[in-house]
Amino acid sequence: MKNKITSIGSILVGLLLSAGPQFLFLPCPTTEKFMKCFWSCKALIVVGAVIALIGLLQLISKEAKSRKVLSVVGLALCISAILIPTVIIGGCVKPDMACKMLTFPVTHTLSAIGIVFQGLTLISKEK
Amino acid sequence: MKQFVTLNMALKNLQRRPVRSWCMIFFVFMLAASLFFCTVLTDSLSESLEKTTNRMGADVIVVPEEYEKDMADALFQGNISSFTFDKQWLGEITGVEGIAKSSPQLYLRTLAADCCSTAVQLIAFDPETDFIITSWLNDDGIELPKKGEVIVGSKITPETDGNVIFFNKPYKVVGQLEETRSNYDACVFMTYETADEIVHSDKWIEAFGEAGAAENLVSCLMIRAEQGIDKNDIATKINYRLSKDCPVRAYTMNGLLSGAMNTVNSMDNYSSILMILISILVIAALVCIFTITINERTKEFGILASLGAGSGKLAGLVLSEGCMIGLAGGLIGVIFSIVGLLIFGNTIVVLMDIPKLITALDYLLILGLKCMALALVVSIVASLYSAWKVSRNSLDTLIKGEEM
Amino acid sequence: MLNVKNLTKTFDRQNRHFDAVHEVNFSMKGGDFCVLTGPSGCGKSTFFHLLCGITKADGGEVFFDKKDICKLSDKELAALRAEKISYVLQGDSLLPNFTVLENICLPHQLSCGRTDLEKKAMELLSHFGLEAMANDYPSNLSGGERRRVAIARAFVHDPKLIIADEPTSDLDEENTAMIIDFFQQQAKQGKAILISTHDLSCLRPGMIRYQMEKGCMKKA
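Protein chains in written order, with the working numbering: chain Z, 1 to 127; chain F, 1 to 404; chain G, 1 to 220.
Honestly, the hints are just simulated from the structure, not real lab data.
Just to be clear, a hint being listed does not mean it is correct.
Below are the DSBU-like pairs computed for lysine-lysine, each with C-alpha atoms no more than 30 Å apart in a straight line [what the hints assert, rightly or not]: (1) F:K172 with Z:K94; (2) G:K71 with F:K389; (3) G:K218 with G:K160; (4) G:K67 with G:K160; (5) Z:K36 with F:K69; (6) G:K219 with F:K400; (7) F:K51 with F:K172; (8) F:K400 with G:K218; (9) G:K29 with G:K75; (10) Z:K65 with Z:K2; (11) Z:K42 with F:K155; (12) G:K29 with G:K160; (13) G:K71 with F:K313; (14) F:K69 with F:K203; (15) F:K203 with Z:K33.
Since we're looking at a predicted model, the values are computed, not measured.
Please construct the entire structure, taking both the sequences and the accompanying hints into account.
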């Protein structure tokens, strides 16, 4: 049961990380020049999709060991979802820009939830 | 192992009743999280205000009348401002008794090229009369900047070649001030000569129009009072001497920041009242849950008593459960708050229009420990009544499972 | 080992005094297996509570190992129950939040700090055929199984006197026989056993039977 909750949770987190910045919590509008936040959100599409895929594999996987291996990859991806908009690519500098105000705080929260789900899978005793 | 048996039993009791335990943990979590947030908010405002006034080192400040609020916002909030008045008005101030030192400053702003390079506050000072910025430079062991050179605050990152570019022209960074956690960390300091170069650059004229010689422009005049002289007296004397058509007024530093001070004080009061109310509510809720559940568990205590557990050990069991709930709720509350603060700090700052939130890890950890201690105390206080009832009740009543 | 003289306990019910236990005299020694019979409400449980120091007597004396229980402090009484007198409560007396093994060991760890009981507890569980259920919670056990666990808990710390209030009530013949056999075996090893019952069919040769009626007790 716990495995189902964390797997489905990871799928949702991954989907929201992918699609959220494109449709729900939009970053700064693009003008003629593409800003850093635009590229960060593009990178999050891929990272989020892979997190969702890992969640799916954990859901259908019958072996605890393979779920745990997947959770290590999931953890790394969730951490990179935080690092992409902060360190690796970055976002806008001004604190009142949409990406700083809404998009990245939400993606960071989703990533933190993802880390909790993957961490729970890693330490789970469920067989 | 022997000494942990009470804790072990308390933990098992909580684990086997997850709904009840999580409900109680939730109440403590709310208390710890709200205490943490309120404290960070009020501490941040107080610290910004204190840092601004301490670092400023001026007692009285003369600014254009209609820009009084802009000046206060620039000092307290770090809002970037650019206003000037003609230096000629300073002539009316000279000779006022009680002034130890006075020095003009010029506040200029740069342009934000786009969202990725934010506008910066430029502050020009007169090295001959200055008693504020030169003292910071002395403290940090930095030489006075020459023409075309600037000193930057700790948050400004120079280009790789050690320059900063304003209005398409590079300026050499000759020093960086140490972090003060005040708004000055995001400012650039220069002498009037350099400022003159900036206001006469083509880009500046294109953006803000023609300006006169920088040496004739002043944004504010910083004044330090002589030892033992009342600052209010000096401000009153200056304002009395200034002619009616004069566009500037003198304000004491406290007067200028009084709006912010009032906000901080009332926020402090509100948060204290809120905290007391929340603590009372949480204690009441926990007392109710503890009392109800302990009443339902009388038989359990009766069984333990019939097997030789003394009243002190039974009370210890109840108190241990209270402690664990307090620790768990406090820990979860503090972790959530720290993570939330780090993630949403910027959003809170912008939405609430406050200068900054303190996010230094040492401060957050110490505050977290304090919040956990309060959560623990509240839980122990809430479980004391039940513990007392369990230890005071006759074994007969406990064994029969009657309501205590 | 146990000597009771003129033991009396009075309760108030609807403004009237009545003696739940009236001037009872009773004694037993190690190896005795005494059975107390009598109708419901005749004072059996109150008598047991008086013997264990759970209820304070209004008159008389209870000597256990030459010490008057009635004069002991609450702390001394708790120590006595933890070490020398074991009491099996009427009905279900397992702690719902602990496993079978924990139910047997943890209360003794709490009351007298004994941490060496796990091996003995497993021996008792296997004697009762419950070793496979050591890690189950009481809610997964039948009534008979729960009663056997409670009895295992009463014996695990090697007390001198075991008092069991209706240990066979609501149990089938098989379970009743298993429990009575165990008591007899323990009595033969020198323990003093005192139980109450409604069920006269569980009486066996060698048991000392007492009859209680309206608070008065006599040898049957």
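So, going through the hints one by one against the coordinates:
1. F:K172 with Z:K94: holds, 24 Å
2. G:K71 with F:K389: holds, 24 Å
3. G:K218 with G:K160: holds, 24 Å
4. G:K67 with G:K160: holds, 14 Å
5. Z:K36 with F:K69: violated, 35 Å
6. G:K219 with F:K400: holds, 28 Å
7. F:K51 with F:K172: holds, 28 Å
8. F:K400 with G:K218: holds, 27 Å
9. G:K29 with G:K75: holds, 25 Å
10. Z:K65 with Z:K2: holds, 15 Å
11. Z:K42 with F:K155: holds, 29 Å
12. G:K29 with G:K160: Judged against 30 Å, a Cα distance of about 10 Å means the pair holds.
13. G:K71 with F:K313: holds, 22 Å
14. F:K69 with F:K203: holds, 28 Å
15. F:K203 with Z:K33: The hint holds at about 21 Å.
The structure fails to meet hint 5 from the earlier list, while all remaining hints are met.
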